[in-house]
Amino acid sequence: MSRTLTTLLAAALGAALLLMVLEAALRLLPVQNGLAGDDPSPDWPTHRLRSDVHYTFSDAWDLRNVHRGVTNNMGYVAPFPYRPGSDGIAVVGNSFIEGLMNRYEETLQGQLARLLPDAPAMLNFGVSGASLADYIGLGPMVSRRFRVRWAVVVVVAGDFVDGFTPPPGYFGWNAGNAPPVQLRPQPVCSGAASLLTCTEKLVRLLAIVRYTRGNLRFDLRHFLHTSVKGAPRPCVPEGLQAGDADLLAAYADRLPAAYGVPPERVILVFDADRAELYRSHGMSTSTSCPTRDSVARNALAAAAASRGEHVIDMGPVFAAYFKATGGRLDYSPIDWHWNAAGHRLAAAEVARIMRLGAPETERTPGPP
Amino acid sequence: MAAALRRIAAGGWRVVALGAVVGAEVTAIAMLALISASRSTTEFIYFNF
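Taken in order, these protein sequences are the chains called A and B. Sequential numbering of the first sequence, starting at 26, is according to this note's numbering. Sequential numbering of the second sequence, starting at 4, is according to this note's numbering.
Just so you know, the hints here were simulated from the structure itself, not pulled from any lab data. Treat the hints with care, since some could be wrong.
[Said to hold, decoys possible] Ranges between beta-carbon positions, derived for each pair:
1. A:Val261 to B:Glu28: 41 to 47 Å
2. A:Ser215 to B:Ala5: 55 to 61 Å
3. A:Glu263 to B:Val18: 55 to 61 Å
4. A:Asp271 to B:Leu35: 30 to 36 Å
5. B:Ala5 to A:Pro259: 55 to 61 Å
6. B:Ala5 to A:Pro193: 53 to 59 Å
7. B:Trp16 to A:Val213: 43 to 49 Å
8. A:Pro192 to B:Ala6: 53 to 59 Å
9. B:Leu35 to A:Ser215: 48 to 54 Å
10. A:Val213 to B:Arg17: 49 to 55 Å
11. A:Ala200 to B:Glu28: 52 to 58 Å
12. B:Ala5 to A:Leu53: 29 to 35 Å
13. B:Trp16 to A:Leu54: 32 to 38 Å
14. B:Leu35 to A:Ser313: 31 to 37 Å
[Unchecked claim] Quick partial rundown of chain B residues pointing at chain A, CB under 10 Å, derived from the structure:
15. Ile11
16. Val18
17. Ala40
[Unchecked claim] Derived contacts from chain A toward chain B, CB cut-off under 8 Å, selection only:
18. Arg28
19. Thr31
20. Ala37
21. Leu42
22. Met45
23. Ala146
24. Cys223
25. Leu231
26. Thr237
Backbone N, C-alpha and C fix where the C-beta goes; we use that ideal spot for every residue, glycine too.
In isolation and in its complexed conformation, chain A is listed as follows:
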């Protein structure tokens, strides 16, 4: 065997041995675990977590903010099963509502249940990576399976533009459909599935993979993007592009029907620009440099309000809290998801509307 080949094989062996040591060490530590997507089913073809799993969440390289919880029978983060045919308040959003970085009781849906003890079950349908397109695309699936009393939709930065590049298993924009979205099918590891699909399922069992992707947030596309990023670019204000206004109007039109509720039973909660809030010492929560996404979210808020849907702007609420207490609403700068305070303030606003809303918020008899 040549000296070069021996050296290369030895190097591979050394690398493998170190990875094995790292794998063993990480298995003893609270790296992210159990947060794997389930296979789609014909009646629920969108992304969700594996059902009835005990998961561990932690953030960043040093495993901070450790939380453990469970997914329920439908693969959503909730400590109780969702019973088909029952009454429910649908709470929809992305990772903010999925709420892995908070205890369930601290999340918007958890705090709503405490604020409105007589209300139907709070059905959390938040999934990491979802966008506005998912929030409306889920509606018909949810309303077919449950009697929806209210639909609460939490809208955050990126929710409009992310709908143009949906990952597999998520909805994306399609102006030709009603509602204007289309599901991007999710590959399943069975039969003639690609090797990549099946390999992903296997490698996620490795702690080192979960640590790299989950805790270190390593994504090749993101890595390449940041590696060529230079100094901050000057602000170039953006606006809506052709077709955006029609898409947003159709969205506001169709959202209540998607959940089978009247417009006054839809509550849209809009997050604020909290980075700007902290930068301005509580003086401003509006984006200093308008983007296509921020303009679209403002347009959606206006369109929804004009149709009788409830719109909550968390900006003034967050600003008042920050000025009064100096406390943050999130885990920034590591993680900008809402913390318990952010969720509590949002839940209080939603509960206020629901209390005014109707006696129907109270529980009605479910199916036998």
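Since chain A is already given, all that's left is putting chain B on it; use the hints.
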């Protein structure tokens, strides 16, 4: 430890040992680079994969 290292350096396992150390070092450096890069990542990305 020093004696063991001297034996390895003088023996036929020198190339293997050196290669293994280099492989482990490259892996460690790559891991540290990922950790370092992650510390400036504050975007809303994480995975349910």
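Results of checking the hints against the structure:
1. A:Val261 to B:Glu28: 41 to 47 Å: holds, 44 Å
2. A:Ser215 to B:Ala5: 55 to 61 Å: holds, 57 Å
3. A:Glu263 to B:Val18: 55 to 61 Å: Between Glu263 (chain A) and Val18 (chain B), where Cβ atoms are some 58 Å apart, the hint holds.
4. A:Asp271 to B:Leu35: 30 to 36 Å: violated, 49 Å
5. B:Ala5 to A:Pro259: 55 to 61 Å: holds, 59 Å
6. B:Ala5 to A:Pro193: 53 to 59 Å: holds, 56 Å
7. B:Trp16 to A:Val213: 43 to 49 Å: Given a distance of about 48 Å, which is inside 43 to 49 Å, the answer is holds.
8. A:Pro192 to B:Ala6: 53 to 59 Å: holds, 56 Å
9. B:Leu35 to A:Ser215: 48 to 54 Å: violated, 38 Å
10. A:Val213 to B:Arg17: 49 to 55 Å: With Cβ atoms ~50 Å apart, the hint holds.
11. A:Ala200 to B:Glu28: 52 to 58 Å: Because 53 Å falls inside the window, the suggested range holds.
12. B:Ala5 to A:Leu53: 29 to 35 Å: holds, 32 Å
13. B:Trp16 to A:Leu54: 32 to 38 Å: Since Trp16 (chain B) and Leu54 (chain A) have Cβ atoms about 33 Å apart, the given range 32 to 38 Å holds.
14. B:Leu35 to A:Ser313: 31 to 37 Å: Taking Cβ atoms as reference, Leu35 (chain B) and Ser313 (chain A) lie about 35 Å apart, which means the hint holds.
15. Ile11: violated, 12 Å
16. Val18: holds, 5 Å
17. Ala40: Result: holds, 7 Å to nearest chain A Cβ.
18. Arg28: OK, holds: Arg28 (chain A) within 8 Å of chain B, min 6 Å.
19. Thr31: holds, 5 Å
20. Ala37: holds, 6 Å
21. Leu42: holds, 7 Å
22. Met45: violated, 11 Å
23. Ala146: violated, 23 Å
24. Cys223: Where the cut-off is 8 Å and the nearest Cβ of chain B is about 13 Å from Cys223 (chain A), the hint is violated.
25. Leu231: violated, 12 Å
26. Thr237: holds, 6 Å
Comparing the model with each earlier hint shows violations of hints 4, 9, 15, 22, 23, 24, 25; every other hint is respected.
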